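Each chain is listed here by its residues.
Number of protein chains: 2
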Amino acid sequence: MNIVLLSGGSGARLWPISNEARSKQFLRLLKDENDNPMSMIQRVYKQIRETGYSDNIIISTCASQTESITMQLDDKVDLVVEPERRNTFPAIALTCAYLHYEKRVDKSQVVVILPVDPWAGIHYFHKLKDIEQALLNSKHNICLMGVHPTYPSEKYGYMIPNTNDLHLPIKRIQCFKEKPNQDQATKLILQGALWNCGVFAFRLGYIIEISNNYISASCYEDVLSQYNNLPKNSFDYEVIENESSICAVEYTGEWKDLGTWNTFTEQMSDFCTGNVVMDDTNVNTHAINELNLPLIVMGAKDMIIAATYNGILVSDKHQSSYMKPLVESVQGRPMYEECMWGDYRVLDYVEHVDGTKCLTKRLYVQKGKSISCHLHHHHSDVWTIISGLGEFTLDGQCKKVSVGDVLQIQANAKHTIRAINDLEIIEVQIGHLLTEDDVVYFD
Amino acid sequence: MNIVLLSGGSGARLWPISNEARSKQFLRLLKDENDNPMSMIQRVYKQIRETGYSDNIIISTCASQTESITMQLDDKVDLVVEPERRNTFPAIALTCAYLHYEKRVDKSQVVVILPVDPWAGIHYFHKLKDIEQALLNSKHNICLMGVHPTYPSEKYGYMIPNTNDLHLPIKRIQCFKEKPNQDQATKLILQGALWNCGVFAFRLGYIIEISNNYISASCYEDVLSQYNNLPKNSFDYEVIENESSICAVEYTGEWKDLGTWNTFTEQMSDFCTGNVVMDDTNVNTHAINELNLPLIVMGAKDMIIAATYNGILVSDKHQSSYMKPLVESVQGRPMYEECMWGDYRVLDYVEHVDGTKCLTKRLYVQKGKSISCHLHHHHSDVWTIISGLGEFTLDGQCKKVSVGDVLQIQANAKHTIRAINDLEIIEVQIGHLLTEDDVVYFD
Chain A
100 MNIVLLSGGS GARLWPISNE ARSKQFLRLL KDENDNPMSM IQRVYKQIRE
150 TGYSDNIIIS TCASQTESIT MQLDDKVDLV VEPERRNTFP AIALTCAYLH
200 YEKRVDKSQV VVILPVDPWA GIHYFHKLKD IEQALLNSKH NICLMGVHPT
250 YPSEKYGYMI PNTNDLHLPI KRIQCFKEKP NQDQATKLIL QGALWNCGVF
300 AFRLGYIIEI SNNYISASCY EDVLSQYNNL PKNSFDYEVI ENESSICAVE
350 YTGEWKDLGT WNTFTEQMSD FCTGNVVMDD TNVNTHAINE LNLPLIVMGA
400 KDMIIAATYN GILVSDKHQS SYMKPLVESV QGRPMYEECM WGDYRVLDYV
450 EHVDGTKCLT KRLYVQKGKS ISCHLHHHHS DVWTIISGLG EFTLDGQCKK
500 VSVGDVLQIQ ANAKHTIRAI NDLEIIEVQI GHLLTEDDVV YFD
Chain B
100 MNIVLLSGGS GARLWPISNE ARSKQFLRLL KDENDNPMSM IQRVYKQIRE
150 TGYSDNIIIS TCASQTESIT MQLDDKVDLV VEPERRNTFP AIALTCAYLH
200 YEKRVDKSQV VVILPVDPWA GIHYFHKLKD IEQALLNSKH NICLMGVHPT
250 YPSEKYGYMI PNTNDLHLPI KRIQCFKEKP NQDQATKLIL QGALWNCGVF
300 AFRLGYIIEI SNNYISASCY EDVLSQYNNL PKNSFDYEVI ENESSICAVE
350 YTGEWKDLGT WNTFTEQMSD FCTGNVVMDD TNVNTHAINE LNLPLIVMGA
400 KDMIIAATYN GILVSDKHQS SYMKPLVESV QGRPMYEECM WGDYRVLDYV
450 EHVDGTKCLT KRLYVQKGKS ISCHLHHHHS DVWTIISGLG EFTLDGQCKK
500 VSVGDVLQIQ ANAKHTIRAI NDLEIIEVQI GHLLTEDDVV YFD
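Chains as they are written, first to last, in my numbering: chain A, 100 to 542; chain B, 100 to 542.
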C-alpha cells in the first residue's frame, strides 16, 4: 500500500494562528503522550508509522510548506512538491506519477490518499488496510472511508450507500450530499449515510490513465513540465463525481476534522495559551495569545480569542467557521514565519507620505544555522545584535559580531550571517519597495 | 465663583486604553460638533467656558498628568499640581490654599469642585450657578449637586433629602447610601433620593479651616511643604461624613459617569475605531484597535474589545466593571506615552538568560521639539532615523541627521535630538537595567 498525505490549505479557517506561510497542520497546539507540544502533521505522521506500514509514505505539498515539513518531521520524508498551486486533482496526479515513474510502483497497486489533519484514534489508521483489501477484492475503481456520523452535522459531506449494502462491510455508494441542513442530515443518517472524511483509495493505474487525458507523459519530468495542462480542479469534482463504481468502508471510532476553531479548540489541552488572564465568568471560551502583551478575557461565552502577529480574532466559535471572506479582506504580508535558519516576526510597519517605508523585525537565527548570502536592490537594512554571537559577512568581508554591534547593510550589498550560538537581531528595513521577493540569493 | 476640576485616576477601569500615563480623561474617543476627536477633559473644559463664567478655573492634578493637560487644553490653564498622590481631600485643600494665598480669593467666596469626566449637557454647567446661590443664601456648609436617577443603579451613591424638602429647590440632606442593591435603590428613588455625581461646593474659608487642623500655614508654600501632614483620605470621608449641614440642588438633565466601558461605549460615535472588521452577527459590541494588526470580530454580544500597546481586553461590557484586580495583575511598564516632545510606543521587549534585556521602541518627535539632553547609566541605545530631519548632539558634538542614519549612543553618553521636521526613530535599548528612571537630565 502507498500512503499519500495531502498537505495544503491556505490557512484562512484557523486565522490568525495560521496563514499562507504557516498552515494549521504545523501549529504545535496539540500535546503528545509526554505533554510536549506537537502539530497535526507530526501527530498523523507518527500514527501512520505506529501502524507499522513499511510501504511508501509520500507527502504531497507546495513549495511554501517544504521548510516546515522538513523541520517538523525529522525523518527523511518523501516529498512531492507541486510546481504551482492547482487544487487536489493535479497534486494527486503528480504524486501518482512520482510513485509510478520514480518509485517504480506497479499500476495495479493501491494508493490511499489521506488529509494531513484528521484527529482520530489509531484504529482509523489500521482501517487503511481494509480499504486496500476492499479495492483488491472488488471491481470498484474507488474506495472511500466513511465515518459513522455521531450527530446530524451541517458541515460535512454525506455518502449514501445502496440500500442492500447497509450491513455489508464494503458498501456500494449510490450518491453524495454536501453539507445538508440539520433535517436533511437527520434523514440521511437514518438511511445509513456516512460522513466523507476525505480518505480515498484507487489503483495507481486508474489515475495515471485519467491524467493521460490531459498530458502525454512517459516519465515524472513530463508530468512536472505539463503540470499547468492538468485541470485546476478538486479530486472530488474531477474524479469522484464522474465515477459510478465507488464503494466505502465504515470507520466507527473517534474522528474529527480539526479544520475550524470550533473543532480545533475541543482538542486543545488548555483553555488558554500564552499571556492570558481569564476570570471565572467565562464559559467554554478558548484564548491563544502569541503577542508580547497581556490579554484579559471576562464574561465571554463559547468564544475563541486568538491574538498573533497576523492579527486578532474575537469570535463566537460557531460563527468563526464563516470567517474566510473577512480574513481575505485583511490578509497582508506574513507577520511571523518559521524558516530553515530560525524565524522572524514583524514588530512594526510604517509608510510615509514621500513613499519611504520602514519595516522592523526581530530575527532569530538558530545556533549553527546561516541566513543564506543575499542582497536587496530596493532597501537597506540596519541590524542590531541583541543576543548571541555570530559571523557576519558583508561584500566578502567577514567579522565576528556580538551583543550591541550594529551592522549597516546598504542596498545591493551581499550579506550573510552565521549563528555561532543562538542569535537575535532587530532588523530595520528602509526603502521605497519592501517586499519579501526583493532578494537575490547567492550560493 | 471658583471652579476646580479634579483630574486624577489611575486608569484601571478603562484599561487597556488608559493607564498610569494616560488616564481616561485624555483619550480622544469622543467627537466635537465638527466630528473631530476630543477627550473628556477637552469636552468639559470647553463646556465650562461656554457657560461664560469669567471666574477662576483651576485644574487640580498630579505631576504625571501636567504634560497631557498642557497639550490638550491650549489655553494657559491654571494648574495646581500635588507634590505627591494623597487622595482628594489633600488635593482640594492644596487648591483652596492656592486660591486663597496666590489668587487672593476671599474666604467668603464659593468654590465648586467638579470631576473632570462627566458626560452631561450644557445645562449641568449652568446649574453650578444655582449651587453657588444655594450656599450664599443658606447657612449650609456644603452644597452638592444631586442628579435625578433614571433607573435603580447599583453603581452610584445616593443622597436622601429630608422628607419635608422633597419639593424645595434646595434640599437638606439627611443621609447617604453608597452603591445599594437594586431593591434598595428602587426604594431610595421612591423616597426622593438623588445620585451623588461628585460635584460639591463650599465657602473657601471652610476648607482652609479644616486644613488648619493638620498644618500651620500662612502662605501657599507652607501648605505645599506640609502636604504630607494632610490626611491621605477622600474628601467624602474627611469632610462630608463629618458634616451635618449639607444641602443639595437637583439636576434633571443628561448626565453619565464615563468611568466604565459600559457607560463609555454608549458615548462612542462609532462601533469600531482603528483596523477592525466586524460582520453583521455582532450585537451592541464595541471594538477599539490601536495596534498595527487587523482585528476581526464575529458573533459577539454586548462586548467591549480593546487592543492597545498596553494589552488586549475582551469582555462582556457589564463584567468589565470588575476588572480592576485583573488589570493590576498584568500591569507592566507603559507601552505608549504622549510626551512634551511627541510620543513613543514599545514594539518589543526581550529578556535573555544572562540578564541582558532589549527594548525596541518607535519614537515620534514633533517638528521643532527636542528630547531633552540626557544620559543613561545602565543601557546603550541604537537610533535608526526612519523619517524626517533632525539635529543630533552626542557629548557636545552636533550633526544633522536624516532617513537611514544610525546613531549609536553608549551608556553615560549625553545626547539630545531636535526635530527640524517631524522625526521618527526606531530605538533599540540594550542593557541589564532598562527602566524609565535610568535617565539623568541636563539643562
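Keep in mind that the hints were calculated from the coordinates and are not lab data. There's no promise every hint is true.
Any copy, or any two copies together, can satisfy a pair, since identical chains are not distinguished.
Claimed, not checked - As a list, the in silico DSBU-like pairs of lysine-lysine whose alpha-carbon atoms are at most 30 Å apart:
#, residue 1, residue 2
1, 238, 513
2, 286, 202
3, 254, 498
4, 400, 254
5, 130, 355
6, 423, 400
7, 468, 286
8, 276, 499
9, 254, 468
10, 276, 331
11, 466, 278
12, 206, 400
13, 513, 499
14, 130, 423
15, 175, 513
16, 175, 498
17, 254, 499
18, 228, 468
Predicted model only: the values in this text are computed from it and were never measured.
> So which hints don't hold here, by number, going up?
Replying inline: 1, 2, 3, 7, 8, 9, 11, 12, 15, 16, 17 and 18
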